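Dock chains B and C with the ligands against the given chain A, drawing on the hints supplied.
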Amino acid sequence: MALQYTEQQREYIHLAQEFGDKYLKPELISKWDKAGECPKEAFNPAFDLGLHMLEIPKEYGGAGLSFEDSALVFEKLAEYDAGYALTLITSFVALRCVMISGTPDQARRFADILKPGKFAAFTLSEADSGSDSGSLRDTAVRKGNEYILNGEKAFATNGGVADVYIGVFRTSNNGNHGLSAFMIPRDTPGIYVGKHEDKMGLRLSNTVPLFFKDVHVPVENLIGKEGKGINIALNSLNLSRAFVSTLTVGIMQRALDEAGNYAVKREQFGQPIANFESVQNMLADMATSVETARLLVNNTMKMMDKGSLVRKEGAMTKLFVTDVAQKVTSDAVQIFGGYGYTRIYPVEKLMRDVKGFQILEGTNEIQRMTIAREVAKEYAKE
Amino acid sequence: MKIATIVKSELTDPKTYTTHRTKVFYHPEKLFLSDSDKAAVELAVKIAGNNGQVDLFTLEQGEVGVRVLHEALAMGAASATEFVGSDPNDPANAYLAAEKVSEYLKDQGYDLILVGDVVGSAPIAAYLAENLGFNLYENVTRLSPNWEYETELDRGQLKGKVQTPAVLTVEANAIEPELPSFPALEAAQKQTIKSVALNLDTEEASEVVVNQTQHPHVIWNLDEEPDAVEKLVAALRQDGIMK
Amino acid sequence: MAYFIQFEDKSLGENTSLATLAGVKANFSSLTNIVLTNHASDLHDKYANSGVKTVLYQDENFTVRDLAQTAEFLFNLLKNSNDTYIFEDSKLGNLVAARLAAKLAVPFIPSISNIKVGPNSVSLSREIDSTKVVRLSHLKGKGVISVAINGVVEKAKAEVSEKPMTISAEEPATYVEKRDAGNDLLFAKTVVAGGKGLQDAEGFKPLEQLADKLDASVGATKAVTDVGWLPVSRMIGISGVSVKPDIFYSFGIAGAVQHTTGMDQSKHIIAVNTDPTAPIFKLADYGIVGDANQVIDQLINLV
Ligand SMILES: Cc1cc2nc3c(=O)[nH]c(=O)nc-3n(C[C@H](O)[C@H](O)[C@H](O)COP(=O)(O)OP(=O)(O)OC[C@H]3O[C@@H](n4cnc5c(N)ncnc54)[C@H](O)[C@@H]3O)c2cc1C
Ligand SMILES: Cc1cc2nc3c(=O)[nH]c(=O)nc-3n(C[C@H](O)[C@H](O)[C@H](O)COP(=O)(O)OP(=O)(O)OC[C@H]3O[C@@H](n4cnc5c(N)ncnc54)[C@H](O)[C@@H]3O)c2cc1C
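Protein chains in written order, with full-length UniProt numbering: chain A, 1 to 382; chain B, 1 to 243; chain C, 1 to 303.
If we strip away everything but chain A, and leave its shape as in the complex, we get (with noise of 0.2 Å):
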């Protein structure tokens, strides 16, 4: 590996690793996969550990890692089980949004929430809103000191596990600039939670339609200011992001260590296969983007401990991270043959994983735009 890791970070690896091979054993892992569903008490050992608040701050009951250690850390929960992992991220990264865009009572009331060991949501798609989320159509009105949220949200990952959210609603009809953010408790009357979509990956972590019916939210539950909803979501998808990348990574790994195992023992010819050269080319390829992909993580990791916005950088992290996945664990399976397509190996299973995150937080098409606007701006004349 070429990062070179602080003994600290050496440690909190181990640490992961630790309670992978302990709660998160591999025929585990394929039966929940099978039942597209992982039941809420397999995330009680990760609480306990404090996984679900690993980038938080003590002050506010957490485990107070650097972005870049609790990266490595959930590279490491991820290879094995990304969904698993996505569902402790989600929790995180909402409180940590609500931290950067809410004021200290909002954060200190979301964390302790969080803390004895519960999750958090994000939820702004719906199912006519998705990379154009300026078009959301879900409305949140004040009346006196509240304000009356009604509509139907679509994928909302830990949507059916959470106890609280952070919701986008349209406060006025001025595109964009009409929406705003609302912290949301999940037992506020007027909440239903809609059937667990059956996906194709990342079948642990939870993902439901949201339906609200006339909830009435506090004035004091507004996030930031009214009509700054897609700043603060920006802002969320900038933290997420660049996790989604760390996940990604934690993947390939797992892909290039299951193919380069199955490479040495498999025979044919009469030899092992990995001896042809285009079984190597595929091998080399893989650790090639493995390295590539985990710096570029390690990099905008690092940017945002330093407090940079990484805009750009985590949507190029996102693009090219979540793009060569799919290359290596497809090639995963391609070194595996015919056995490679059966749930026998996990190798399949990391295929499917990895579609998703070129789709949620923002499709790659829409990283692209993002770059291309901020790049442009760079060259833009005065």
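Stretch-level coverage of chain C by chain B, calculated; a stretch enters the list once three of its residues show a Cβ under 8 Å from a Cβ in chain B:
| id | region |
| --- | --- |
| 1 | 6 to 15 |
| 2 | 95 to 109 |
| 3 | 292 to 302 |
Some, not all, of what chain B presents toward chain A, calculated at C-beta under 10 Å:
| id | residue |
| --- | --- |
| 4 | Leu33 |
| 5 | Glu63 |
| 6 | His70 |
| 7 | Glu71 |
| 8 | Leu179 |
| 9 | Pro180 |
| 10 | Phe182 |
| 11 | Leu185 |
| 12 | Gln189 |
Honestly, the hints are just simulated from the structure, not real lab data.
Since we're looking at a predicted model, the values are computed, not measured.
Each residue gets a CB set at the ideal place from its N, CA and C atoms; glycine is no exception.
Same frame as chain A, now just chains B and C with the ligands:
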């Protein structure tokens, strides 16, 4: 109750040592706290409870020493000390190291010294017990709250009652340790580690060399050699594979 | 001069094997075998043919359960000599060896798999787990070692004498024998596995008999468990369990990767197959090209 626990790493990854021709390369970054030491620390912390104290010691050197102490501190021990200047895997001078360690521990009022039973490490428990005048219980696979212990033998167990002060070597299955939390590990990394020089005369050190004994690869044909099975059994006995 | 020290305690199932004594003898020209026992009269014949001069120390109160007293007796017996004291690398051997070394304040070098006796020192190698390296120690003076070496037991006359020892009848610990010593597949030290080449379910009866004799656990390939000759819990490989025993016997198994993934970490592999090109032979330390059923029958008779 005052408990000392002496911890060390365990070789679980065969790539800790790699070889090229007759050269040996050592990769200490692959070494972490051993499973039996985890059990020892967990037991120590449980026995100590709220009124007792667990102090950690290690004979591991450099980064490995610091690493295993961090891991063990995160499990709830109070302090950590590294003994500098010996090789915990070298049996040739373990008795010298144990002598110095005993001297250091002698007047500190420990009731119990727990040591993980790590395969391949240099044995020190018996020397400590002898030097300190403590009772010795080895290969402990169970220790009940009323001090009944079980010692694992190859085909059975010895059962008895521990009399303190005592040195115990603990097997990995003696207790299931809980994983430390990340905040605990983070705090452990910030804790100061005391360093004590052993000043050993390490003249008798062992060396790590490439294993020259090759696996045999002998195939007999039963049609051509009707006594192939006898030859097989003889070879297995010769190699010590079959007893 | 060297002493091999062993125990014959009729209340314990933990005695040293003659093969270890033979292995030690092959390395040390001048060797005395010391046996602490509570039933010396039964043992004269056994050691009279061992080829090693043997002294039986007898006391009917003797028991290895009293590790401290056992070590104390050996210490008093040996403290004035200047030799190498050798124990078997078993749990019990190491327990007593460590105590003796501590009392003598000399090095204890355990788990030795190779010995070279030089003019001024004894060179001892100990395998470092499953790596390709060994730790080489040189014992110059007095020291205690434990060995995992075996030799072929040759019948040769040897002098056997009996001496009394005095042991007080204390019982610091009780001994309980394990029920199913080493019979579970995952933890077994020896595995005998059968494949489709054993022809039918009947072919597994002799295999089980052999397992009994070798104190081994029975494993199988998927081809075998698929047709129900053995339960699925016995399947070794990617779809079943992974095993890592000291000795793996493979009978009538082709050696498909899906199977070998679950057994190729075994320390020693012995394969029997009618097909000399079967991939399993690539992994084998020893192999026999021939009918597995026949080989199993012969093995049952030989061991
Ligand atoms: C597993 C999973 C978890 C999710 N979790 C969450 C969550 O927690 N919270 C949340 O709010 N949302 C979540 N989403 C929703 C996700 O953010 C959206 O699916 C994503 O933004 C794409 O929107 P869409 O599905 O409506 O696709 P569309 O926007 O309909 O896009 C369809 C295709 O058109 C392309 N496209 C669209 N517009 C353009 C353009 N201008 N130029 C070029 N190409 C374009 C897209 O790239 C894509 O290829 C999740 C989705 C998934 C699959
Ligand atoms: C997705 C998948 C997963 C799998 N997972 C596993 C798994 O976990 N474990 C597993 O074991 N298999 C597994 N398999 C099956 C594996 O590929 C092999 O088919 C199987 O291991 C073959 O078992 P075998 O060697 O007993 O049978 P065969 O392949 O039929 O070989 C029998 C061997 O016996 C020899 N023979 C015949 N007669 C005699 C005789 N009289 N004496 C001695 N030798 C004789 C033959 O020469 C031959 O080499 C899997 C297969 C797939 C497709």
